[in-house]
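From first to last, the protein sequence lines are chains A and B.
Following numbering that gives the first Met the number 0, the numbering of the first sequence begins with 0 at its first residue and continues without gaps.
Following numbering that gives the first Met the number 0, the numbering of the second sequence begins with 0 at its first residue and continues without gaps.
Because the hints were derived from the structure by calculation, they are not lab data.
We treat Cβ as the ideally placed atom computed from N, Cα and C, and that holds for glycine.
Computed spacing ranges between beta-carbons, pair by pair: (1) B:135 with A:221: 27 to 35 Å; (2) B:164 with A:17: 54 to 62 Å; (3) A:104 with B:195: 50 to 58 Å; (4) B:164 with A:245: 56 to 64 Å; (5) A:245 with B:135: 54 to 62 Å; (6) A:130 with B:139: 32 to 40 Å; (7) B:12 with A:262: 40 to 48 Å; (8) A:295 with B:53: 55 to 63 Å; (9) B:110 with A:142: 24 to 32 Å.
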Amino acid sequence: MTRSNEILTYLVLGLVGILGPVFFENYIQQIAVLWIMVLMATTWDITGGQMGYNSLGNITFFGAGMYVSAVVQISIGYDVAEYTAAFGAIKVDFTETQYFTGIYLGIIAGGIGAFLISILLGMAVFGLRGPYFAIGTLGVAVAAGQLVGTIQYLGGGSGISMPVYPGDADERNVFFYILCFVITLVSHFFLRWLYGTQFGLAINAIRDDEDKAEAMGIKTATYKIVAWSIAAFFMGLIGAVFGNMIGFIEPLEVAFPTATFGIFMVAMALLGGKGTLWGPVLGAFVFHIIKETTWTLLLGWQWVALGTIIIINIVFFQQGIVGWLQEIKPEWFGLTVDRSKNPENSKA
Amino acid sequence: MNDLIEVQSVSKSFGGVQANQDISLSVKEGIITGMIGPNGSGKTTLFNSIVGHHPIDQGSIRFEGEEISKLRVGEIARLGLLRTFQQTRIYNKMNCVDNMEISVSQRERNFSSMFSGRKGEILDRAEEILDFVGLYSKRHLISGDLSFGQQKLLEFAMALMNKPKVLLLDEPTAGINPTLINGLIDRLKRANDEMGVTLFVIEHNMRVVMNLASHVFCLAHGKMLAGGPPSEIQKDQRVIDAYLGAH
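Just chain B, same shape as in the assembly:
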């Protein structure tokens, strides 16, 4: 398996706060990789660095072997590396179908396709994916009127619409009712399996990560603490200490 994302000794600080210190990790193609860590351990900062939201202080980030740490958010997105937000972000005055249609991949778009009509095949795919996440019956509603959990599902569906190579998910189950979480785990797995999307997931919920990921990294205090298969991570004393506050 190839390394799709390679992060090498990346550091990022905000003023005096060292959010990420000398972090190295790799995300392998085709599998689901998890990232855990206590609040404030620098997980979202690392995500933001990878997608180009802010410049990094040191280190290198490669996507499919190409250095991306100097690229802008839009350019990285067009390479096929997409993220969802912890605070769900959708286009809240547009209906679900419109949200989906505008989320199509911008990779091969040129100036004239800016004005292309709203083609049937795009609509078909939008409805198919909305059905996949279970929002088909809500497809004509204004997305801002959906519940928080439904908005999260919509954001996930929009990301799939974009046909990304890698999808970075920032706490996909936060704020979702526990009975829906199982459904979501199932859909994440199917997206990985059937649509071939590599997933890199930040998750607080241990049960979810252990269920979902085949490789897990653990961050604490901005540093890489451990990495390995979930069964090992679960037993790792340093990880347990970090979560229970032994530091």
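Okay, chain A solo, but in the shape it has when bound:
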């Protein structure tokens, strides 16, 4: 994007981020979830859009971060096995210091845990390409949810109640809102920097022709795993925050919601325009607004409405909103096009 457009966009986003929860106090959790969705879509786009590897399993890292943080936070005051086995029956009391030490350590551990898991998984799944990679990663996410459900140490299928926030509800909402907003901002600026380095070029090259990249000496395997682990790190961080924000975590609906958030993040990136920095951000906004509106106004038909939007997007509008804008207004993005040629010949 050109400089002035970019400054304008950041200004609008900053205003939404800071003034949104001030003026619409009742929607503070909604806006927090919006930032989480922005993070999901933008980090999915690292591999999905920029590198051309459509992962359906990034939600694994969301859940992994959540569970790692839960274990870290609980173990500060209690024995984890005892805590989860009692399922709320033992009297839990975290002091304020314990709580905040726990949550900050937990979030960082969640990020690092997810990062490490993604490296191991990456070594296995990046041998796959195209649709096989998509299905392989989907399998990983589904398996992760089922697997965690069998581990009694982690509360099994009945989940874990997270430590309770020491303070009133409004303060709690603001605390988690700020965490979501800040982590999403950090991830955005990190990716913005990343796409401007050699790394950004290399993953674009892998997207366009992986065999050629390999033949030019680029260490494609390393790039692929690093790209995925960056996404995993941020997903782990935000997963840890989300678990605490909800207050109760369990494997299928909260930690590894493959069929909802796992798919939403792909849908958002596609809607906004994959392979662009801003597409997934815009996609997340549009998607979240449509989703919440249909939930309110078309209750009972909300899934049909959402499905229709995804179908229209995939069939008629594959390049997404930003991709379409780049085609009709390339000068907004500082792109150069050869006007002398007519588009039919350009495929040659």
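With the hints as your guide, set chain B onto chain A.
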């Protein structure tokens, strides 16, 4: 002159098809070597064997004296042995400059240089080489929008950007308009002369090979038919027979 690439009795078959049978040849440092042969004679298979695209059945391939027949494509590329493709391959959604910048040599790269910024000297060299192949004015265009001939030039420029010791070119003039071919021959010669890149070229166009190469090998039916200076090869009865179909 040293032998940069030494191929010794290499055989490769795909199922029942003997694509390469007991092939030996050497590519000398600093000159342009050509390889000719009718369609299906095994030229591209030999290229693929050299760059590690597939394992060979028998024989040995050495690069600067080191055995490379067991190495992978990326490892061989990082040694400085690069190839271009017969079906031109570029990064078609990126612009020309980006294509060039990502083609820098990966030989001395480590983990931290993966994240290095896009330095000025790389950009300068990219533009210099784009100018050399005549694509400077198109440098900000998406490479997939270029014509086929321009894409071939870009692929050649990307290979030069990598500073290879040897460049294997698979039919560099195929599909290029005849008036541009002369320009390309000139640039191949200059790359060899001025940048010191040893070239090994598969070529169908006889006029091009005779003009370009100082040593030519001829393959037919997967076997080495003849090798020598172009003037000799041109007169060799076996080569003429192979091309005119006397077999």
